[in-house]
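*Asks:* Chains as they are written, first to last, in this note's numbering: chain L, 473 to 808; chain S, 32 to 244.
There could be a bad hint or two in this list.
Said to hold, decoys possible - Here are the computed distance ranges between Cβ atoms for each label pair:
#, chain 1, residue 1, chain 2, residue 2, range
1, S, D129, L, I481, 24 to 34 Å
2, S, E237, L, K704, 52 to 62 Å
3, L, E599, S, K83, 45 to 55 Å
Stated by the list, open to error - With a Cα cut of at most 30 Å, we get these calculated DSS-like pairs of lysine-lysine:
#, chain 1, residue 1, chain 2, residue 2
4, S, K150, L, K618
5, L, K651, L, K618
6, L, K567, S, K154
7, L, K704, S, K98
8, L, K477, L, K618
9, L, K618, S, K203
10, S, K98, L, K567
11, S, K154, L, K651
12, L, K618, S, K154
13, S, K83, L, K656
14, S, K131, S, K98
15, L, K651, S, K131
16, S, K131, L, K656
17, S, K98, S, K135
18, S, K130, S, K171
19, L, K651, S, K150
Read the hints as simulated data drawn from the structure, not as lab findings.
For each residue, glycine too, the CB sits at the ideal point set by N, CA and C.
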Amino acid sequence: MSVRKQKLINQPENILNEMLAGFSAAYSDIIQLTDNQLIIRTQPKQQGKVGLVIGNGSGHEPAMIGLIGEGLFDVNVAGEIFTAPGPDRIVEGIKAADRGAGVLLCVSHHAGDLMNAEMALDLCQAEGIDNVEMAVLYDDISSAPKGRETERRGTAGLFFVWKMLGAYAETSGDLAATKAIAEKIRDNTRTLAMALTSCASPITGEVMFEMPEDEMEIGMGVHGEMGMGRQKIVTADETIDLMLPPIIEDLPFVAGDEVLVMLNNSGSMTLMELFILYRRVAQRLEEIGINVYKSWIGPYATTQEMAGFALSLCRVDDQLKVLWDAPANGAYLKQL
Amino acid sequence: MSEITTEQAIGFICAISHQLTAHRDELNQLDSALGDSDHGTSISTAFEVAVKTITSIDHPTLDDVWKTTATVLLNRMGGASGALFGTFFLKGVRFTKDKKSLFKADMDEILQAGLEGVKQRGKSDVGDKTMIDALQPAVKAFITSDNLSDGWQQAALAARYGAESTTGLVAKHGRAKFIGERAIGHQDAGATTIALIIEGIRDYWEEQTNGKT
């Protein structure tokens with residue numbers, strides 16, 4: 473499949489600034505862009521509650537700018553395209569998220585994100601800002617085998633963490649408990665992704681990896697890193713039959729479990745395709761005896777115009793179900 | 032020449048900037064095989080900003096040169112590369128403090144501290160298919176040389192050899208790790224950058240030395 477290389481942008485070096493300017497102009501009732509380029513909530517969380525901040529590379533919209541708002545995150549530090557922000561900017565984000573009960577710095581596990589977050593924590597310590605904790609989050613089963621979960625990278629399934637952690641921190645003044653919830657959701661979440669096409673880097677205009685027209689790849693990162701397994705394209709049902717069993721075996725999810733399911737659109741899948749895929753997921757889960765509590769289908773963490781999707785499952789208990797159903801008001805995630 | 036003046040230290044950063052800008056597309060190309068294809072653009076832009084920032088300072092000191100480079104790499108470049116290359120310069124700052132010029136012994140300490148810092152930050156070592164594969168042999172070659180000229184020449188050779196050695200390796204860190212065996216046959220962009228940087232400094236130092244004799 474050929475890759476669309478042309479993007480309607482202005483100067484590549486202005487992508488981040490212009491994107492944030494447009495986003496904040498469109499959703500000023502929910503978020504604001506500060507002078508130091510942070511995305512913050514228009515309605516700050518109450519004093520005495522734990523602040524949530526995340527830094528990440530851009531180019532994955534609506535993640536994470538679209539998940540800042542009431543019942544979600546407090547501050548997003550958006551880095552350059554596919555590039556984690558530097559430590560000084562993360563420290564600014566931590567300061568902006570502080571409501572007097574400490575701040576949880578969340579890291580979607582990638583080398584750059586983790587290194588910069590660690591340096592930011594060192595800087596906080598040097599400045600005497602304590603009461604900051606870091607939660608390192610991951611979900612992609614294709615990035616490291618079972619038993620080495622801490623080496624896995626963070627991908628689309630972290631959507632479940634952002635939503636439910638956001639709900640928890642909205643009413644919690646306990647930093648340690650907030651971190652524990654983030655890790656609990658992480659430890660119950662598993663993701664596997666696939667791609668049909670590559671995508672072009674917005675900076676260089678170059679195709680990020682080569683992908684033969686009649687092949688697909690299972691196990692994709694959110695940056696279009698080449699995954700682990702290439703094969704000839706098969707049907708929607710066959711694709712789910714390949715992807716669902718390793719996810720189920722990894723946790724493992726078992727009969728009687730209740731789960732949240734997400735099909736994340738990596739860029740240019742059609743909703744038509746995603747619904748057809750979801751139909752098979754629902755069928756297979758029912759056969760196994762796993763109950764779907766709620767589902768979410770759409771673009772959340774994208775990789776430009778890549779055609780592909782991520783399938784994520786999160787096992788929930790009564791506590792997590794309440795958090796899932798709690799209100800949220802981000803530009804790209806709303807729960808009434 | 033037995034010492035590096037502040038002016039020459041600025042010359043190093045300018046030489047690095049020219050070198051990386053000249054090889055920008057080559058580095059992007061290497062990064063597209065293993066990463067997200069923008070390494071050349073992001074690191075050459077960062078060094079251009081570092082040069083501009085340093086040259087805008089009134090009477091910059093050696094300390095300014097190292098600190099400014101570190102800050103720009105960390106915060107303007109970001110990502111894993113910004114953290115690693117930035118850490119390299121940041122670790123040198125305590126050896127440039129209050130100095131008017133750097134002797135070879137000072138440079139030995141700066142390079143060694145930078146190397147240790149990068150290894151610690153990236154939790155990586157030789158053989159992991161990272162910049163360490165070029166940086167560690169280069170630092171060793173520099174330190175075991177008798178003078179600055181030999182040091183830069185030997186370091187450049189060792190760095191280039193180290194960068195080329197990454198072609199046969201599987202990656203243990205970063206995005207390249209996730210493609211497994213398919214990484215074999217591709218040279219690491221970070222290690223190549225180290226080779227280019229040290230070659231840039233070597234060429235600059237040769238010009239300076241020839242100009243003085």
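*Asks:* List, from low to high, the hint numbers that the structure doesn't satisfy.
*Replies:* 1, 3, 7, 8, 13, 15 and 16
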